[in-house]
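*Asks:* Fit chain U to the given chain Z structure using the hints.
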Amino acid sequence: MKTALRTSGSTPRVDSAVRRPRPLTRPTQLPFVGSDVVAFLAFFVLVVTAVWATRGGWENFTDGWSGLWRGAASLTGIWTSLAGMTGLLLAARFTWMERAAGLDRLLVWHRIVGDTMGLLLGVHIFTSIVADMPLRGGFVNTIIDLTGREPYMALTTVGAGLVAIVIVSSLCAFREKLSFETWYFVHLTAYVGLAMSFSHQITLGSMLSTDRTVRAFWVLLSIYAFAVVLFGRWIGVISAARHPLRVTSIDRINSDTVAVVLGGRNINRFSGDAGQFIMMRSLIPGQWWKVNPSSLSAAPSTDGMRVTIKDRGDASAATARLRVGDRVSVEGPYGTTTPDIFEGRRPLLIAGGVGITPVRALLERLDRNSQPLVLLRGRTEAEIPHLEEIAQLTKERGGEVLTLLGRTTALKVNDPFSPQILRGIVPFLDDCVAFVCGPTSLTFAARKGLKEAGVPSSRIHLELPWW
Amino acid sequence: MSRHEPSLARRIAPAVALTGAGFALVQALDHVAPIGVAASTALGEQTQVTTADSMPTPVDTSVSGQAVATTVPPTPVTGASPVAPNTPRATNSPQATTAQQQTQETIPAQSAAPQATAAPAPTAAPATTAAPAPAATNDCGAIVKRGSTQSIEWRRYYGTIAVTAKFTSSKVLCDVSADWQANDGKSQSINSYAVPYLNQQAVSSKSANIQGVSGATAVSVAYSRSLQSAIDAL
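Protein sequences, first through last, are from chains Z and U.
Read the first sequence against our numbering and you will find it ends at 473, with the numbers running on by one and no gaps.
Read the second sequence against our numbering and you will find it ends at 582, with the numbers running on by one and no gaps.
Looking at chain Z on its own, in the form it has when it is part of the complex (with noise of 0.2 Å):
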């Protein structure tokens, strides 16, 4: 506002018309690292076993095989809903973790956790099962009483079959039959899940029914991941909503892409940089539900944040249906691909598809002398969004744009990344970094062919497909 003052001298509201945008604030650099992120939930783990290990959870072991299999379903009892916690922290979107991982990389962990957790979930029941069976006389006593005779254990049931239906169905082979929002508004049951299965994990855990300072930890432990989650979480989703961006323009690309800036007032609440994604809620009636990620087509400034939105999914379409004025709650921007990674060394961007957008805004804060090499990959040229605008920033910093087009099936070679072709087209490989976002199969031939021809993987920026 300050500046605004200064600059235009007249009136301290930003107008955008008349006032030279300023880019925005750079997102606050904090000095961490993903495996920070990934120590943190280790230490979380470490700390939560050693308590049950010390606390006679590894006498279990010392007891044979029945003792091995109590042992057993009480650790992976534990490891379960400690899963469960890890998963609930990396979906939070906490600054520091989004900072040091960048959300699709937290998000792809979340996936990975939650896997684990389903398989965790298998062994503790079955575990639980064959501990119990002796005691309880027999398979079919000791499924009614762990389904609804022992207190509590009915909630359990029910808690588990939910956290396993939540982790079924993002499996890849159902998320895709599913929308995104039917599959996200199952994924959110999950929280009922991890409630209900929580006091079998006080009544039966015979150490913490027994052990106030275990149960105090636990509890507390318990209410903190979650308190964490709640209010994190859905503050940030409320307070976004509380204060939209404006459409304040669309352009028609091509047939099914539109270009849309989303500015106003409220964009001096953001910090962001190229390179990075927001999700974007349209606050119009039938819309605001449906949540989008989009990434940065343009470096944003206090002029707005441009996105390019292909027509893929509902919300992709709803959004394409936009009108200027309507307003869009924005969280984000996210993601840890920023001008800062290329750290002085020559630019190699590879794109396709939609995926071209965030090069787009990289190649705008680029140095003048950066020479850029751009590799883009699109059925056709009209696919790809912005050509111009690359062709034209790549020039203007002594770089060159490269177009493959056709579909794969048509190409004259089988992988267009294979590292001879990479050599052969980037002569300085050995000095790069490299920023590859796209579809999934070609993110992951491009990583494959950049590593294979010697590019370390902290030189390769990936923007992960974790949608």
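To be clear, the hints were calculated from the coordinates, so they are not data collected in a lab.
Ideal Cβ placement from N, Cα and C applies to all residues, glycine included.
A portion of the hints provided could be inaccurate.
One side of the interface only, derived from the structure: several residues of chain Z facing chain U at Cβ under 8 Å [as the list claims (entries may be wrong)]:
#1 Leu141
#2 Leu161
#3 Val164
#4 Leu168
#5 Ile171
#6 Glu187
#7 Phe191
#8 Leu210
#9 Val419
#10 Asn420
*Replies:* For chain U alone, coordinates are given in the frame of chain Z:
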């Protein structure tokens, strides 16, 4: 965009249905049974006591009232069996089975005039009948029985427990204490945590049909068996 767009309701329906079905399923599955029942099930005595468990308590009082008004039995009774778990005061009637029959027959009649039958109870047979609680507590300890020593076992041997049950002269369970020994520190901590609760449960249920303490199932089962033997010894 002519694409058909489903509404929020349609998208959220599966999640809501799942949650609803989940809660309904909890209601259907939840049938927490007292440990005493589970123990007798394990012994092969009685399998479906859970229905009796859900009987409303007013039946209890009416039955005891009935017993007072009609039978007034001074003889020792062997009816303290887990057959009628939730009608402990009915154990004063000659046969537990007849008590149950009475239960079903007398519900309407007793609800019609509950006070009339309850009032004469203390005066009719002050010493020997199932008198209301205030009168009964006075001579707690008139009968003391020690239950059999039960081993605390849950796939392995954790120790032993034996309860000492105190009854009023009218044979109502009024106080329980337990002697136990544990083999290891963990069992010790579980027992010292659980036994006071078990004592409370036994006194409040006035029978061996106790809820049990979660996480301490082994000691709960052993406790229940020992207490049952003490009651049987009456």
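*Asks:* It remains to establish, for every hint, whether it holds in the given structure.
*Replies:* Evaluation of the provided hints:
Annotation: interface hint on Leu141 (chain Z) holds; nearest CB of chain U at approximately 5 Å, less than 8 Å. Interface hint at Leu161 (chain Z): satisfied, since its Cβ lies 5 Å from the closest Cβ of chain U, which is below the 8 Å cut-off. Below 8 Å, beta-carbon pairs count as interface contacts, and Val164 (chain Z) has one with chain U at about 4 Å; its hint therefore holds. Hint on Leu168 (chain Z) holds. Least Cβ distance to chain U is approximately 6 Å, under the 8 Å limit.
This hint holds: Ile171 (chain Z) has a C-beta 6 Å from the nearest C-beta of chain U, less than the 8 Å allowed. Proximity of Glu187 (chain Z) to chain U holds as hinted, the smallest CB-CB distance being about 4 Å (cut-off 8 Å). Hint on Phe191 (chain Z) holds. Least Cβ distance to chain U is approximately 4 Å, under the 8 Å limit. At a threshold of 8 Å, the smallest CB-CB gap from Leu210 (chain Z) to chain U is about 6 Å, leaving the interface hint in force.
Look at Val419 (chain Z): its Cβ only gets to about 37 Å from chain U, farther than 8 Å, so that hint breaks. With a least beta-carbon distance of about 36 Å to chain U, the hint placing Asn420 (chain Z) at the interface is violated under the 8 Å criterion.
Going down the numbered hints, you'll see the structure goes against 9, 10, while the others check out.
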